[in-house]
Amino acid sequence: QKEVEQNSGPLSVPEGAIASLNCTYSDRGSQSFFWYRQYSGKSPELIMSIYSNGDKEDGRFTAQLNKASQYVSLLIRDSQPSDSATYLCAVNDDYKLSFGAGTTVTVRA
Amino acid sequence: DTGVSQDPRHKITKRGQNVTFRCDPISEHNRLYWYRQTLGQGPEFLTYFQNEAQLEKSRLLSDRFSAERPKGSFSTLEIQRTEQGDSAMYLCASSWGTEGEQFFGPGTRLTVL
Chain A
1 QKEVEQNSGP
11 LSVPEGAIAS
21 LNCTYSDRGS
31 QSFFWYRQYS
41 GKSPELIMSI
51 YSNGDKEDGR
61 FTAQLNKASQ
71 YVSLLIRDSQ
81 PSDSATYLCA
91 VNDDYKLSFG
101 AGTTVTVRA
Chain B
1001 DTGVSQDPRH
1011 KITKRGQNVT
1021 FRCDPISEHN
1031 RLYWYRQTLG
1041 QGPEFLTYFQ
1051 NEAQLEKSRL
1061 LSDRFSAERP
1071 KGSFSTLEIQ
1081 RTEQGDSAMY
1091 LCASSWGTEG
1101 EQFFGPGTRL
1111 TVL
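Going down the list, the sequences are from chains A and B.
Using the numbering used here, the first residue of the first sequence is number 1, and each one after it goes up by one.
Using the numbering used here, the first residue of the second sequence is number 1001, and each one after it goes up by one.
Hints were generated in silico from the structure; no laboratory data involved.
Check before you lean on any hint, since a few could be wrong.
Claimed, not checked - Capping the alpha-carbon separation at 27 Å, the derived lysine-lysine pairs in DSSO-like fashion look like this:
1) B:Lys1071 x A:Lys67
2) A:Lys2 x A:Lys42
3) B:Lys1057 x A:Lys2
4) B:Lys1071 x B:Lys1014
5) B:Lys1071 x B:Lys1057
6) B:Lys1057 x B:Lys1014
7) A:Lys42 x A:Lys56
8) B:Lys1071 x A:Lys2
9) A:Lys2 x A:Lys56
10) A:Lys42 x B:Lys1014
11) A:Lys67 x A:Lys56
12) A:Lys2 x A:Lys67
As the list claims (entries may be wrong) - Reference listing, derived: stretches of chain B covered by chain A, where coverage requires no fewer than 3 residues with Cβ under 8 Å from a Cβ of chain A:
13) 1036–1042
14) 1103–1109
Claimed, not checked - Cβ-Cβ distance ranges computed for the label pairs, FRET-style:
15) B:Arg1064 x A:Tyr51: 33 to 39 Å
16) B:Gln1084 x A:Arg77: 42 to 48 Å
17) A:Ser69 x B:Leu1039: 26 to 32 Å
18) B:Lys1071 x A:Asn53: 36 to 42 Å
19) A:Ala101 x B:Arg1015: 24 to 30 Å
20) B:Gln1084 x A:Gly41: 18 to 24 Å
The beta-carbon is built from N, C-alpha and C at its ideal position, and this holds for glycine as well.
Kindly produce the complete structure, drawing on both the sequences and the hints.
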């Protein structure tokens, strides 16, 4: 499986702030990238997919992809307590997904 | 509910017993995947099907593990002679096409005593 590295957490941010999550991957040929949110004891939930270099925005979430640097990030604007979860970066690896270990985000009131 | 479903949600078994899990994918999805997740780690790929054909198995999938997807619909994952190291969350996901987004079911949490 391809290597996917995420910045180690936990990440604690105040309510209303921006949470910034980073992910790097080993295979320069990777084409599809995903961010999943996982609440404790639950299964991963897809929140963003990105395929092209640049930014992709969906509500309070923005994914950024830089294939030359093999880097993908997720920004969560106006963080809410409900955003407290583990965020998993995933890279398409010949149809299956390779995941990072996740970054745990805690939004404090 | 048209999402991925899994059954059972929890399974406690004794070492050496056999267990079987079931996954029902989103109906129009042709690809079905099994992953395993342990505490503090991301999901690890086990195997996947395109329609009824099992196209890839991870080296993590020992001979004690077998998966089927008869008629390209639901899938089963069987673990024979369970070991304590098999304790994990077993996740099923489905997608359409090769680059399609994968959607996960609620998972089956296995505890081997």
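Each hint, compared with the structure:
A distance of roughly 39 Å separates the Cα atoms of Lys1071 of chain B and Lys67 of chain A; the hinted pair therefore is violated under the 27 Å criterion. A hinted pair counts as satisfied when its Cα atoms are at most 27 Å apart, and Lys2 of chain A with Lys42 of chain A qualifies at roughly 25 Å. At roughly 15 Å between alpha-carbon atoms, Lys1057 of chain B and Lys2 of chain A fall within 27 Å of each other, so this suggested pair holds. Straight-line distance between C-alpha atoms of Lys1071 of chain B and Lys1014 of chain B comes to about 32 Å, which puts the hinted pair past the 27 Å bound.
For the proposed pair Lys1071 of chain B and Lys1057 of chain B, the alpha carbon gap of about 19 Å is at most 27 Å, so the pair holds. Simply put, Lys1057 of chain B and Lys1014 of chain B have alpha-carbon atoms about 26 Å apart, close enough for the 27 Å limit, and the pair holds. In summary, the hint linking Lys42 of chain A to Lys56 of chain A is supported, as the alpha carbons are separated by about 26 Å, within the 27 Å threshold. Under the criterion of a C-alpha separation no larger than 27 Å, the hint pairing Lys1071 of chain B with Lys2 of chain A is inconsistent with the structure, at around 31 Å.
Between the alpha carbons of Lys2 of chain A and Lys56 of chain A the distance comes to roughly 24 Å, so the proposed pair stays at or under 27 Å and holds. In summary, the hint linking Lys42 of chain A to Lys1014 of chain B is supported, as the alpha carbons are separated by about 24 Å, within the 27 Å threshold. For the suggested pair Lys67 of chain A and Lys56 of chain A, the alpha carbons sit about 14 Å apart, so the restraint of at most 27 Å is met. Pair hint Lys2 of chain A plus Lys67 of chain A holds up; C-alpha atoms about 15 Å apart against a cutoff of 27 Å.
Residue count for the segment 1036–1042 of chain B with a Cβ under 8 Å from a Cβ of chain A: 3. That meets the three needed, and the coverage hint holds. Counting residues of the segment 1103–1109 of chain B whose C-beta lies closer than 8 Å to any C-beta of chain A gives 5; at least three are required, and the coverage claim holds. In this structure, Arg1064 of chain B and Tyr51 of chain A meet the distance hint of 33 to 39 Å, their C-beta atoms being roughly 37 Å apart. Checked against the hint of 42 to 48 Å, the pair Gln1084 of chain B and Arg77 of chain A passes, with Cβ atoms roughly 43 Å apart.
Separated by about 31 Å at the C-beta atoms, Ser69 of chain A and Leu1039 of chain B satisfy the suggested range of 26 to 32 Å. Checking the proposed 36 to 42 Å range against Lys1071 of chain B and Asn53 of chain A shows it holds: the Cβ atoms sit about 41 Å from each other. For Ala101 of chain A and Arg1015 of chain B, the hinted distance range of 24 to 30 Å is satisfied, since their beta carbons lie about 27 Å from each other. For the pair Gln1084 of chain B and Gly41 of chain A, the supplied restraint of 18 to 24 Å holds, since their beta-carbon distance comes to about 20 Å.
Of the numbered hints given earlier, the model fails hints 1, 4, 8; all others are met.
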